[in-house]
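**Q** Numbering follows this note's numbering, in which position 34 of the sequence shown is assigned residue number 34; successive positions increment by one, without gaps.
Hints are computed from structural coordinates only; laboratory data are not their basis.
Just so it is clear, the structure is predicted and the values come from calculations on it, not from any experiment.
One should not assume that every hint holds.
[As the list claims (entries may be wrong)] Here are the computed lysine-lysine pairs in the DSBU-like style, where the Cα-Cα straight-line distance is at most 35 angstroms:
(1) K5 with K42
(2) K19 with K44
(3) K19 with K33
(4) K42 with K16
(5) K44 with K33
(6) K33 with K16
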Amino acid sequence: MNLYKVLGLARNASKKEIKEAYRVLALIYHPDKHLHPDSSQKVKDVVTQKFRQISEAHEILTMVPVVVVVVVVVGGIPAMAKMGLLVTIHRVSV
């Protein structure tokens, strides 16, 4: 699935454009907007699936990249504990 295509955007779209496209499409395809008794179950299913795709595309495209740094010590964590080293995990945005 092309995430940019789901939102109707070019691959070089800015975060602001992604956010705006998501808001517009979410308003159109939100399942609660299609709860009208005249709406068929098929329409409701299609709209719900489209809304999920839009939400997933937005979530993935607006994720903050995370860098994970791993320090390897021979003997693993028990060896590090014997040396008095503290193991911590830091999230760093890039």
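**Q** Is it true that the CA of K33 sits at most 35 angstroms from the CA of K16?
**A** 25 angstroms, holds
**Q** Below or equal to 35 angstroms on CA atoms is what counts here, so check K5 against K42.
**A** Since the Cα atoms of K5 and K42 sit roughly 23 angstroms apart, the hinted pair holds (cutoff 35 angstroms).
**Q** Decide if the proposed pair is consistent with the structure: K19 and K33, CA atoms, cutoff 35 angstroms inclusive.
**A** Holds - the C-alpha atoms of K33 and K19 are around 20 angstroms apart, at most 35 angstroms.
**Q** Between K44 and K33, is the straight-line Cα distance small enough, at 35 angstroms or below?
**A** Measuring from Cα to Cα gives roughly 9 angstroms; hence the hint holds.
**Q** For the pair supplied as a hint, K19 and K44, confirm whether the alpha-carbon distance does not exceed 35 angstroms.
**A** 24 angstroms, holds
**Q** Holds or violated: K42 with K16, Cα cutoff 35 angstroms?
**A** 33 angstroms, holds
Checked against the numbered hints listed earlier, the structure breaks none of them; every hint is satisfied.
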